[in-house]
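Taken in sequence, the protein lines are chains S and V. Each residue of the first sequence is one higher than the one before, counting from 0 in numbering that gives the first Met the number 0. Each residue of the second sequence is one higher than the one before, counting from 0 in numbering that gives the first Met the number 0.
Among the hints, a few may not be true.
Partial list, computed: chain S residues near chain V (C-beta under 10 Å) [as the list claims (entries may be wrong)]:
1) Leu174
2) Lys215
3) Tyr221
4) Asp347
5) Lys541
6) Lys543
7) Gly617
Here are the simulated PhoX-like pairs of lysine-lysine, each with C-alpha atoms no more than 25 Å apart in a straight line [unchecked claim]:
8) S:Lys201 - V:Lys69
9) V:Lys69 - S:Lys275
10) S:Lys560 - S:Lys319
11) V:Lys113 - S:Lys207
Ranges between beta-carbon positions, derived for each pair [what the hints assert, rightly or not]:
12) S:Gly562 - V:Ser4: 18 to 28 Å
13) S:Phe236 - V:Ser60: 42 to 52 Å
14) S:Phe236 - V:Asn31: 43 to 53 Å
15) V:Glu122 - S:Gly562: 41 to 51 Å
16) S:Lys660 - V:Met0: 53 to 63 Å
FYI, nobody ran anything at the bench for these hints, they're computed from the structure. In this text, a Cβ means the ideal position worked out from N, Cα and C, and glycines have one as well.
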Amino acid sequence: MSTMTVSRRSFLKVSALAGGGLMLGFDAMSKSMKEESAGAAEGAVFSPNAWLKIDSQGVVTLMAPNPEVGQGVKTSLPMLVAEELDVNWKDVVIEQAPLNKSFERQVAGGSGSIRSSWESFRKAGAAARQLLTEAGAKTWNVSAGDCYTENSFVIHKPSGKKLSYGELAAKAATLSSLTEAKLKDPKDFKIIGQRLRNVDTKNIVTGKSLYGIDTKREGMFYTMVARPTFGKKLKSFDDTETRKVPGVKNVVRWENKVAVLATSTWAAKKGRDALKLEWEDDKLESTTDHQEAFKKLIQQKHDAPKRNDGDVDKALAGAKKVIESTFEAPFLPHSAMEPMNFFADVRDGKAELYGPTQTPARSRTEVAKALNIFEDNVTLGMSRQGGGFGRRLMTDYSVEAAMISSIAKAPVQVIWTREDDMQGGFYRPTGMYRYRAAITDNNELDAWYLIAAASNQPNASRENSFPAGAVPNFRIDSHNLESNITIGPWRAPNHNFIAFAEETFIDEIANELKKDPVALRLELLDRAKNNKFGTVAYDVDKYKAVLKTAAEMGNWGKQGKDGIYKGFGAHFSFGTYVAQVADVSIEAGKVRVHKIYCAVDCGRVINPSGAENQIEGGIIDGIGHALFGELTFDKGVAQQKNFNTYKLIRMPDAPLAIEIKFIDTDASPQGLGEPCLPPVIPAITNAIFAATGQRVRRLPVSLMTFPL
Amino acid sequence: MATYSLNINGKSLPVDVAPDTPLLWVLRDELNLVGTKYGCGVAQCGACTVHLNDVAVRSCSLPVSAVGTKKVTTIEGLSEKGDHPLQLAWDEADVPQCGYCQAGQIMTAAALMKHNVNPNDKEIDKAMAGNICRCGTYKRIRQAIHLAAQKGGKS
C-alpha cells in the first residue's frame, strides 16, 4: 500500500459556503473541482484528504472520505479532525464523502486508513481552529495569541469574551492561512482515546442505513448475470424460457456472460435460472490437481529466493536433527454478508455508478477504461458496505455493471446471489508450505528453509517476517502455480496463512528442543537483536513486549487445568504487533475455544471501543475460518456454493470471552482491521496440539478427527 | 402475477407479484422496506429475518402466497422511535461493524425475548445460531441481549 504524505506545498484553501460558512481543505483541487466548490452548495466537498464545514448556525460537518466496510473509519477518521478543531463530538455531523480525485487515499485496504491520515486529518482540524481563532481576534481587535478555543467557541482569555464557531464562520472564511497550524500536545487530547460509539449505529439498528444493494433509481432494472465457472467459455445461449418470465424485460450478452434485466430481483433470478447456456471447455482445474502440482513444486529449489541468508543447504546437511513440516492452505471465499452488487447508468458517453467498493478511484478508472470514455465522464458514488474483506478491492463487478448498462442502454442494478458470490472468484489463494529447520548439536535453531507454492501468488510469504533475522541460515523460495481460478486480497493477505504455518512450526521446534514455546520466541528475538542476520520488518522490543504481555494475561505455562489447554501465537503485520493465548478444550471430539487473551501494540489507540471491536471481530473471524473455511474445486466448479455447504462461524462456536490489552504507547497509530486475525489461528491449533498431541498442518481444522 | 394484501408493520399493503416471490423481495423491491437484507436466499444466514405473528422467520424462503393475513414485522416496524430495548442496547454495546446482518440479528433476538425475557448465554447461543455475522460481532451481540434483558427486556 502506498503511504501518504502531505505535500509541503499544500496550503490551506478557504472558500465561502452558501450562507456564510467555512469550508476548508488542503488545496490540491483540480480545476473542475475548484469550479464546483466555488458554487459552494451545501455538501459540496472538494479537498484531497481532510476537511470540514461549519455553517452560520454552528453546525460542524466532518467528512469521512474513506469507504466504510465495517472497520469504523466513518467514526475514527472524523475524530482526528474534531480533536484538533476543538469541537464537542456530540454536536458534529458526519458525512460520507463522495469520490474526489483530490483525496489522496480513498481506500479501505491494507489496514491503512488511520495510519495514512493520522497527520493530515489533524492538520486540517488544527488549521480551521487557527483561522477561527484569528477571526475572533480580529473581531475583538486583540492578539490571536491571547485567544484559545474550547467546545466550538473562541475565547479571549484576558476578557473572557467568547464567540461561537458559527458566529465566526463567515469571518473566518475571508481569511487565508499559508502556514501550517500547530498540532496539539497529545496530553491535551479530549476526543482521541475516548471510547466512542459507531456514528451509524442508530441508523443500522432501525434499518435506515442504505447499502449498495438497497440502491433504487428511476427506470432501473434489477439484473442478474449468468457467468461461466472457471475454464469455461460461452458458446451459445437460448433465452426463450427466460423471456417468458413475467417482469423480464431484456437479455444481453457481454463476453462470456448473459445478463437478465427485469422489474424485480425475483424475476431477474427466475429469468437467469431459465437460461439455456452452452459452454465450451477450456482448462478445467480441480483441487487435487493443485495439490499434486504443489507437492512437486515444494521439492524444488527456486532460482530466485525471496531471502537467502547464510547457507541453508550446508546447515541442513550438517544438522544434528532436521525438522520438517508441510502446511496446506485452502482457497477461501470472502463471504461479505452483502453480496457483490453495483448500480450503473451508462448513456450519452457518460456513466454514473454507485455501490459498495473498497477502492472507488480504481473502480472509476477501470470502468472508464472498459467503456473507453474519459474518467471525467464517470461519476462513482460509494455506499455503506456490508463487509469487504478484500473482495471489494476488485473492480470486476462494477465494470460488469457498467458494460451491461452500456449494452442494454438502461440503468441496471446488478445483484449477485450468494451462489454467484461464492463461485465468483478472487479467493484467498490455495498453497502448500514446506518448512525445514536445522538443529545443531547445541540444541540451537541454525537454519530455516521455506519452500512455498501457491496459486497465482509469486510471493507466498513475507521474507522479513519473524523469525527472519534470528536464524543465521534462512531462506525462502516461492513458486507460483498459474491457475485460471482467480485470487485476490483476503483480510490480511499472506499473513492470514503464514502466521499459522510459521507459528505452528516454531511450536514444533520448541517441542523438539523441549523448550517453552514463548521462551524460544523470546530467545530468538534476542538473537535477532544482538546478531541480526539481514533486514527485518519488526522491532524486537515491541515484539517481545506483546509476547510477554499475552503470556502473563493468559497464565501461560499451565496446561490441562480443568481440561483447558493453551496455545500461543504471535504475528506482526500492518505495523501492529499481536500476541495471543488461546484456551481450548476438546469436548466430545469437538474443538471448543473458550477464551482468547490478546496483547496488541498498534501505536496510539484512537477509539478504544472501535479498536476492540476490530480485534474481537478479527479473532472470531480467524477462528471461524481456521476451524471451518475451505473452498474446493472439481473441474473448475466450486464445490461449496452457499452457507449450507460452506460453514462460517456462528455464535455457539465463538469464544465467550476475549480479553484485550493495548500496550501503552505514544507512537503513531498503526493498522488494526487485519493484524489480529492471523495469530489467533496458530494460537488455537497449538492449543489443539497441547490437548491432543495432534498437529494441525492442513486447514481447516474440521478435516481432522479428535478423540471423543 | 397475483394480488395480496399484506399486513406489514401494522399497515395493510397491497402488492401485485408472482405467488412464488419470497417475502424478502416483496419487502425490498415492491414496498421499499430495504432494512431487511438478502444474504444467502436459502435460510442459512438470517440477514432477512422478520417476524410472522411474532415468530422469527427467514423471509428469503417464505413465498408471499404463504403469508396470508399473518402479521409481518420488519426492522422498520420493530419500534416506532427506534427505541426497542434491543436497539438501544445495540448502540450502548457498540455492536455493529459493517452492520449488514444486524437487522436480522435484532429481529431474531427480539423474537427470543418475547418468550424469554432474560435468556442465559446458552439460550442466546441457541436462538442466535441461525444468524451469521462475518465481521464477528457475536461477543457484543450476546452482551447487548443481556443488556436489554437487564433493562426490562421485551417491548
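Margin query: Given the hint of 42 to 52 Å, is the C-beta distance from phenylalanine 236 (chain S) to serine 60 (chain V) inside that range or not?
Written below: violated, 28 Å
Notebook entry, point to check: Can the hint on lysine 215 (chain S) be confirmed by a CB-to-CB distance to chain V that is less than 10 Å?
Noted result: holds, 7 Å
Item checked: Satisfaction of the leucine 174 (chain S) interface hint, Cβ to chain V closer than 10 Å -> Violated. Min distance 39 Å.
Checklist line | Distance restraint evaluation - glycine 562 (chain S), serine 4 (chain V), Cβ atoms, bounds 18 to 28 Å | finding: Violated: the Cβ-Cβ distance is about 57 Å, outside 18 to 28 Å.
Next item on the list: Tell me if glycine 617 (chain S) is really an interface residue toward chain V, meaning its C-beta lies closer than 10 Å to one of theirs.
Entry: holds, 7 Å
Check: Can the restraint linking lysine 113 (chain V) and lysine 207 (chain S) be considered satisfied, given a maximum Cα separation of 25 Å?
Finding: holds, 24 Å
Check: Taking only the CA atoms, is the gap from lysine 69 (chain V) to lysine 275 (chain S) under or equal to 25 Å?
Finding: Roughly 38 Å between the alpha carbons, so the hint for lysine 69 (chain V) and lysine 275 (chain S) is violated.
Checklist line | Restraint check, 10 Å cut-off on beta carbons, for lysine 543 (chain S) near chain V | finding: violated, 28 Å
Next item on the list: Mind checking the alpha carbons of lysine 201 (chain S) and lysine 69 (chain V) for me, to see if they're no more than 25 Å apart?
Entry: violated, 28 Å
Check: Going straight from one Cα to the other, do lysine 560 (chain S) and lysine 319 (chain S) come out at no more than 25 Å?
Finding: With Cα atoms ~35 Å apart, lysine 560 (chain S) and lysine 319 (chain S) exceed 25 Å; violated.
Check: So the hint says 53 to 63 Å: do the beta-carbon atoms of lysine 660 (chain S) and methionine 0 (chain V) match that?
Finding: At roughly 60 Å between Cβ atoms, methionine 0 (chain V) and lysine 660 (chain S) fall inside 53 to 63 Å, so the hint holds.
Check: Can the hint on lysine 541 (chain S) be confirmed by a CB-to-CB distance to chain V that is less than 10 Å?
Finding: violated, 25 Å
In this structure, the earlier hints numbered 1, 4, 5, 6, 8, 9, 10, 12, 13, 14, 15 are contradicted, and the remaining ones agree with it.
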